[in-house]
Structure formats: structure tokens, C-alpha cells
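*Asks:* What follows is each chain in one-letter form.
There are 2 protein chains.
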Amino acid sequence: MGNPKVVIVGGGFGGLACARALHRKPVDVTLLDTHNFHLFTPLLYQVATALLNPSEIGYPFRTIFRRSPNVRFRQELVTGVDLEHKLVRARNGHGIPYDYLVLATGSTNNYFGNQALAKHTVGMKTIEEALRLRNHVLSCLERASQETDDGERRRWLTFVVVGGGPTGVEYAGALAELLKLVLGRDHPELPPDLGRIILVEGMDRLLGAFDQRLSAYAERTLAKRGIDVRTGVILGHATDQSVHLSNGDVIPTRTIVWSAGVRPNQPPGTEHLHTSRSHRLAVDEHFRLSGYQGAFAIGDVASRSANGGELPMLSPFAMQGGRHVANVILQEVKRGPTADLGKPFRYRDKGTMATIGRNAAVGQIGRFRFTGFIGWVAWLLVHIYYLIGFRNRLVVLAAWGWNYLRKDRPIRLVVQADPDPIADSLLPPSPGEAGDIDQRAESEREAARSSGP
Amino acid sequence: MGNPKVVIVGGGFGGLACARALHRKPVDVTLLDTHNFHLFTPLLYQVATALLNPSEIGYPFRTIFRRSPNVRFRQELVTGVDLEHKLVRARNGHGIPYDYLVLATGSTNNYFGNQALAKHTVGMKTIEEALRLRNHVLSCLERASQETDDGERRRWLTFVVVGGGPTGVEYAGALAELLKLVLGRDHPELPPDLGRIILVEGMDRLLGAFDQRLSAYAERTLAKRGIDVRTGVILGHATDQSVHLSNGDVIPTRTIVWSAGVRPNQPPGTEHLHTSRSHRLAVDEHFRLSGYQGAFAIGDVASRSANGGELPMLSPFAMQGGRHVANVILQEVKRGPTADLGKPFRYRDKGTMATIGRNAAVGQIGRFRFTGFIGWVAWLLVHIYYLIGFRNRLVVLAAWGWNYLRKDRPIRLVVQADPDPIADSLLPPSPGEAGDIDQRAESEREAARSSGP
Chain A
136 MGNPKVVIVG GGFGGLACAR ALHRKPVDVT LLDTHNFHLF TPLLYQVATA
186 LLNPSEIGYP FRTIFRRSPN VRFRQELVTG VDLEHKLVRA RNGHGIPYDY
236 LVLATGSTNN YFGNQALAKH TVGMKTIEEA LRLRNHVLSC LERASQETDD
286 GERRRWLTFV VVGGGPTGVE YAGALAELLK LVLGRDHPEL PPDLGRIILV
336 EGMDRLLGAF DQRLSAYAER TLAKRGIDVR TGVILGHATD QSVHLSNGDV
386 IPTRTIVWSA GVRPNQPPGT EHLHTSRSHR LAVDEHFRLS GYQGAFAIGD
436 VASRSANGGE LPMLSPFAMQ GGRHVANVIL QEVKRGPTAD LGKPFRYRDK
486 GTMATIGRNA AVGQIGRFRF TGFIGWVAWL LVHIYYLIGF RNRLVVLAAW
536 GWNYLRKDRP IRLVVQADPD PIADSLLPPS PGEAGDIDQR AESEREAARS
586 SGP
Chain B
136 MGNPKVVIVG GGFGGLACAR ALHRKPVDVT LLDTHNFHLF TPLLYQVATA
186 LLNPSEIGYP FRTIFRRSPN VRFRQELVTG VDLEHKLVRA RNGHGIPYDY
236 LVLATGSTNN YFGNQALAKH TVGMKTIEEA LRLRNHVLSC LERASQETDD
286 GERRRWLTFV VVGGGPTGVE YAGALAELLK LVLGRDHPEL PPDLGRIILV
336 EGMDRLLGAF DQRLSAYAER TLAKRGIDVR TGVILGHATD QSVHLSNGDV
386 IPTRTIVWSA GVRPNQPPGT EHLHTSRSHR LAVDEHFRLS GYQGAFAIGD
436 VASRSANGGE LPMLSPFAMQ GGRHVANVIL QEVKRGPTAD LGKPFRYRDK
486 GTMATIGRNA AVGQIGRFRF TGFIGWVAWL LVHIYYLIGF RNRLVVLAAW
536 GWNYLRKDRP IRLVVQADPD PIADSLLPPS PGEAGDIDQR AESEREAARS
586 SGP
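If you read the sequences in order, they're chains A and B.
Using this note's numbering, the first residue of the first sequence is number 136, and each one after it goes up by one.
Using this note's numbering, the first residue of the second sequence is number 136, and each one after it goes up by one.
Quick caveat, the hints were computed from the structure, so don't treat them as lab data.
It is possible that part of the hints are untrue.
As the list claims (entries may be wrong) - Calculated from the model, a selection of chain B residues having no Cβ within reach of chain A, i.e. all distances over 10 Å:
1. Pro204
2. Asp234
3. Ile262
4. Ser381
5. Gln499
6. Pro556
What the hints assert, rightly or not - Only pairs whose alpha carbons sit at most 30 Å apart, straight line, appear in this in silico DSS-like list of lysine-lysine:
7. A:Lys160 to A:Lys221
8. A:Lys315 to A:Lys254
9. B:Lys160 to A:Lys542
10. A:Lys160 to A:Lys140
11. A:Lys485 to A:Lys260
12. A:Lys221 to A:Lys478
13. B:Lys160 to B:Lys485
14. B:Lys542 to A:Lys160
15. A:Lys485 to A:Lys221
16. B:Lys221 to B:Lys160
17. A:Lys160 to B:Lys315
18. A:Lys315 to B:Lys359
C-beta: ideal position from N, C-alpha, C; glycine also.
Make the full structure from the sequences, and use the hints.
*Replies:* Next comes the structure, spelled out in C-alpha cells:
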């Protein structure tokens, strides 16, 4: 086939939207991802809190593109991008040549160069981390039940969540429900009120990207549900036994959940490119990388500004970028390299939402603000709508219904697949072996903070 | 509470049945298991073939005993049983004293002392192995898609199943369906008929514990579905690249599934006890260990004979034994150590069944034999009936219906939880670190073979 070759690196919201927009168009698309499924990350916290199975928020790429003869998936780790020779190097294959390249590699946990943080906290960015967090929390309850020392028991049952953005707020709310249900009913040997959740946020309020009024509501609701919210405090020092906060507080704990920062996942081979202060690749109004014909970057890894601020690392920006780039590529393919590429990208703000738990959520869409039960129902509808696959929608709805009526968290298993060398040859390296920790200086924290939610 | 203390080691079919029979009786029961859930092992192969989630065949012990104030669960690895001092030692806790001890530790893979076998094969006894097998097979398909060499591609797509008992037959049948669905629809870059399954059995027929006629039916049905059945052949030598059979055949493959033998999981501290030729603990007609007051063994780890043969390592024997022991303990508690313990144990044969795939199963119950669609429906009903939990029954039925109508295998994710030190402090050691391989001589193979299915 002589069609131009499009290689998309990363099948998150951006890469997937781009590939879908190229479905049955006159291009040959290769979509690369280190996992064999697209992950609906907004519901990761429900996997981490034993409500959903991974298969309910993960949808195999090959199934998505079953009816797309021109879109091929390959499970590959990209080891290098050669923009000069228009070639992507992959771990298990030969080089993959391209005419058009779309970098959609997303973001990863940002530990601001602090190795101890990376070691002693559990993140919430990947399915592997969410499953680890489920295993970890359930195991802490078991260990607490084995413990005879009061102080140690309390340490097992103290959970510190760092970062008061949507991820931290949603996880803390869901964890409170899990503890209430499981501690109360399944661990009669433990005093039900011994479980303790502390949510730590550096800024003076939770949900900094939201309206002040919604932040206040979230804080109030979490407090009512027994969560100890501490704003204006940052994490100073972490061990496997405790957390030291910037205000001098020391909290004995075995669990520190890290949701305080992400950084773009820059593909190897792009280190020389111009980036923004938050280390996202600089792109023009059509998401093109300057100086390299046919190369694009979208989503969390790309930097676009509007109204004086960098656009947020959120799925609408990624999806809109993916579709925009698909159109630009098709214009060029149809009309040649000098074609008019159409209107520059304009971001349509879809608003943001965060759920706080049963019957409570906050959202802002345009000038509308909503909270409480209405916000919660809106949150449910939006998330069901965006979930891929009829079966997943059905199963997630059923799981939510079950949870709502029965107050049950049915996936309470501590499970770990035995390691497999063949699977390991495809999956991304696990955090221990990754060298994944950003070594850049603490000063980045400021940059990241000033650049959005 | 001054009630007598019953400690049950292992929450498989036997241990669970025993604990349930002691529900709300005048004893304090502690149930120990290395997992926090009871596993319905007959459906493990459906987890391994991407049809069910682990949570659908695993049910948390603490939930099972929510309404049993006298039954407490503890997730513990038993490191020693001290029959003299009536004490069970656990990895994370202090010694646990008992008045009555029920050993129900089940069985594990038997590699007959062959380290290479243990290293180069994937077992099917635990949830960890089933998940590994799912990850492994799906990853082999991905690797085949990356491959340019024909021979190598064929090696990735050749799957050897060793052992033609129910586990091997059921897995081979389900794998054939998975390959047909996934290869055909999701990997258009691979020739759909390149996938190959070879089922190897040492005896001259499959399903040795079944009627000859049923074996012949199973063999015919598997062959019709494209599975290469080789009986009267044993595995000689295995590497990560190939299998060498006793008849001289060498099969290039990356996948060897081991279902050719199990051995009892003897609890540490019982090595000096008398065992049968198959290494199961010798027990009397009430499952008592001779010489130690209040100590019992049931299920796979216990040896009872009837009609001149050792009773099989099957769930009915374990469950009946568990209930029998519960009654014996209650008799003693009520009437004192000299009480009449009632009738000796008598095994009621519940028959056996094995499914071969869509619309085909074999079963024998008493003098009845059935095959085909009727056998398959009977198999479905029996397994739904024995599954624990209303929700699980519902979800499994729905999954089966979906699979039947849509010919879909929805859980096709390669997923591996990140390692967690706290969870690892509770879970059993993974096979690499376990030293789990039976070092006893090859001659055992004969013993195991002569002693039943």
C-alpha cells in the first residue's frame, strides 16, 4: 500500500482520538502503546478502591480497531524517535518509518527529584499502580488485624493522600467509603473508628483549578466524611514508617499516596527540542514541532497557550488535539505540503468535574457551577458516556448500582500475577527498574504549580 | 471466651466447609490462609483464558464469615505446626494455640523433582499462575505480530499443554476458542490458522479417571476443534524455546502449560508423620492424625482409602471431610474426649465432569454418563450452583451469556500489579523465591500415577 504512513506514539485520550479520526482514511496508521489496552484513567481510583476490575476501564486497542483496516496496533515500548530520518525505534521490532509522527506519550508521576518520595509513596497514574494501591490498602487492614501494639495498629490504619487535585480528592473520598464498609463489617477485631485519612495540599485550598466555592464545598464534604484535610502544608520527608510535613507534623503511617504532581513523558530522542517551563514540547497552532516536517505532539506532552495560560493536562485538550492533528494530516495528504491547513487550533473548555463520594461531586462547565447530588449524577452520566465499549458501560453501571444499593466493594482481593518474562518483554519497566525518577531540581515544583491544575 | 479453639489451616474447599459447619457453634474458629479470599479453582482456566476476572471466582473470607461471630479469618502463612505443644506458628503473628487443629493445606504443582520443568512451564493451580498464563498467551500473540521470521512466528503461536486430566482438557478447549476469536479478529497481520495447540498425555487416553467412552468423546471433540492430541507420550525435556517429547518429537514453542501432576502441600512440622505413597498424611476414619490429640487433616493433604483405592484429590472429598471433622469436633466438645464420634467417614461419590468448550462436556455421575450439549448444560448448572455469593453467580452467568452470544473474550488485558512490600509480607512467596520445587526423585511419578486421577 502506498498510503502515507502515520505513526502515533501512545494510545491515551489524545493518541486514540487521533487514530479514530483517521479510521478508513487514505493513510496507514500504526498505533504504538506499551499496554495492549486503552485505559480510562478517570476511573482508576475506583480500581484502586476495590470497586471496579481493570477490564472494566481498559479496552483492548485491537478490539477498538477491529473494523479499521488501515489502523494497526503494536504493543511496543518506543526507545527512540529519530526526527531527522523519520524513524521510530521500538524495543522488540525494527525501526518503524513514518511520514507523519504524532507524539502522544502523556505524563507520569512527578517526584520533583526526590528519590525517597518515589520509593515510599504509591502513585495513581497507571493500572499497575492502582492495583498495587488496592493490594496495599487491603493488606494494611490485614496487618492491622494481626497487630497487638496499639500504636502500630494505628500506623497501619493511617492513610496519607498527598495532593488535593481531583485525583487526590476522588481517591480520598472513595477510600473513606471503603474503610467504612470494610473496617466496620469485615474486621470486627478492629475498632471501626481507628481508620484515618489525611489529605495534604500545598495550596491554601483543595481543587485549585475549580471555583473557590466548589473548593469550599469539597473540603466541607470530605471533613464531614471524616477526612482530615490539611491545606497550605507540603510533604517534607517520607519514610516507610511516617510522613513529615512542612509544618512540623509527623504522621506515623505505612501508606502515602502520591497525587501531587505529574510531568510530561518526553519521548527519547526529543530532548533537544524546545519545551515550556513545565517541560511540555513547544508546538505551533497545528501542534507541529518546529523544524521537523510531519512531526506533531499532542496532549499532556505538548504545550499550547490560550488567554495567557498554558492549556491544562486534561483529556479534552488531548482529544481535541488528536482530532485536530488528524485533520491537518488529511489536509496535507489530500492537497500536498503547501495546502491551507485550515483554522488554527482553538481549545473548547469542556469544564471539569470531581466526585467526592456517594451523592456528592463538584463541577463547573462554562459559567455553571454545581455540587451535591446533581453534580454527582452529572458526573456519573459524563463518565459512562465517555467510557469505551457497550459491555464496559453496562458492567460499570451495574457495579455502581450494586455499590450504591449494597454499599459493597466487591473486588476486595489481594492478587498479584506471577511474573512472566514474555509479558515483561512488552510491558513498561516497573518503577524499581525504571530509573523513572525525574532528577531535575526542586525548583521545578514552582514551574509546575504556576502552569495550571 | 472459654470456648475450645479450633484452628483451620487453609481455606480451600475442605477448610471452608469445615469452618462453615462450625458457624455459630460453641467453638472459637480461626481460619488461616495466605490469600484473603476463597478461590473457586474449577473456573481458574476461565481466568487464564480471558473470560472471567479473578474477583468473579474469588470471594473474600471476611465477607463469607461476616455473620459468624465465632469464626475469625487471618491472612497468614503458616511457618510451623507444633503438634506437641498444640501451637501453630505464623509468619506475621505470634504463635496461635489450638485445642483442635484441621490441616487443609491442599496441593501444589508436582514437577517430580525436575527443576527445568518448574522453570520453563506455567502452572494452573493458583490465581497468580492463571493471571500469568493470561498475560503470557496474550503477549505471545503480540510478539508473533512483531515477528518477521516465519519459524519464530510459529514458535510464538505454538502452545503445548502437558497433562490430559480435566485441567489440561478444559484449558486446551478454552484456549482453542480464545485463539480462534482473538487471532482471527484482532490480529489481521497473522494467518488465522497459524495458532497450534498440542495436548500431551502420558497415559494412552485423556481423562484417565473417566469412563473410556467419555475419553474417546473428549479426544474426538478436541481434535475436531483443531487440537493436536498426543497420548502415550511424556515430556522429556523443556527449555524456553522448545519441548522434547519421549517419542523423539521436538516442538518449538514459547509456552508449556503444566497440568500433569499435583502433590500434597504438607505443612511444615508434619514431616515426621506417616504418609501414603502419594505423600498424603495418613488419617483414621475420622481424619485424625494418629498420636496427636485434636489434630486432623482433610482434603488433598489427607489419605483415606475406599474400595481398595486412595480417595481422589477432588473437592467433594475435601468438603465431605471438612464437614465430617466439624461434627467430630462438636461431638467431643459436647460430650467430652471419650464421646462416641459417630459413624466413620464414608465417601459419597459425586461424580466428575469436565467441559471441552462451547456446547461440549463430559460427565459421569453414578452409573450415568453424558456428553455433548446436555453434559455442557449440566456442567454450567453445577458450577454456578457451587460458586459462592449471589453477585458472583450473577456476574459469571452474565459473562458466560456474553461469551456464548458474542463469542467474545472480554478480559484480554495484559496487566501486572506493581510489587508492594506490604502485600508481599502476606502473600505466599512467588515461585522464583519459593524453593517450592519438590526435590524428590523421578520415581514419585509412578507413585502419583498409580494413586488416582
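*Asks:* The structure should be examined with respect to each hint, and the outcome stated for every one.
*Replies:* Hints, one by one, checked against the model:
1. Pro204: violated (7 Å)
2. Asp234: holds (20 Å)
3. Ile262: The assertion about Ile262 (chain B) is violated, with a minimum of 6 Å to chain A.
4. Ser381: holds (26 Å)
5. Gln499: holds (34 Å)
6. Pro556: Not fine: 8 Å to the nearest Cβ puts Pro556 (chain B) too close to chain A.
7. A:Lys160 to A:Lys221: holds (21 Å)
8. A:Lys315 to A:Lys254: At roughly 28 Å apart (the allowed maximum being 30 Å), Lys254 (chain A) and Lys315 (chain A) satisfy the hint.
9. B:Lys160 to A:Lys542: Status holds; Cα separation ~29 Å.
10. A:Lys160 to A:Lys140: holds (11 Å)
11. A:Lys485 to A:Lys260: holds (22 Å)
12. A:Lys221 to A:Lys478: Holds, at about 26 Å.
13. B:Lys160 to B:Lys485: holds (27 Å)
14. B:Lys542 to A:Lys160: Holds: Lys542 (chain B) and Lys160 (chain A) sit about 29 Å apart, inside 30 Å.
15. A:Lys485 to A:Lys221: violated (35 Å)
16. B:Lys221 to B:Lys160: holds (21 Å)
17. A:Lys160 to B:Lys315: holds (29 Å)
18. A:Lys315 to B:Lys359: violated (53 Å)
Of the hints listed earlier, those the structure fails to meet are numbers 1, 3, 6, 15 and 18, in rising order.
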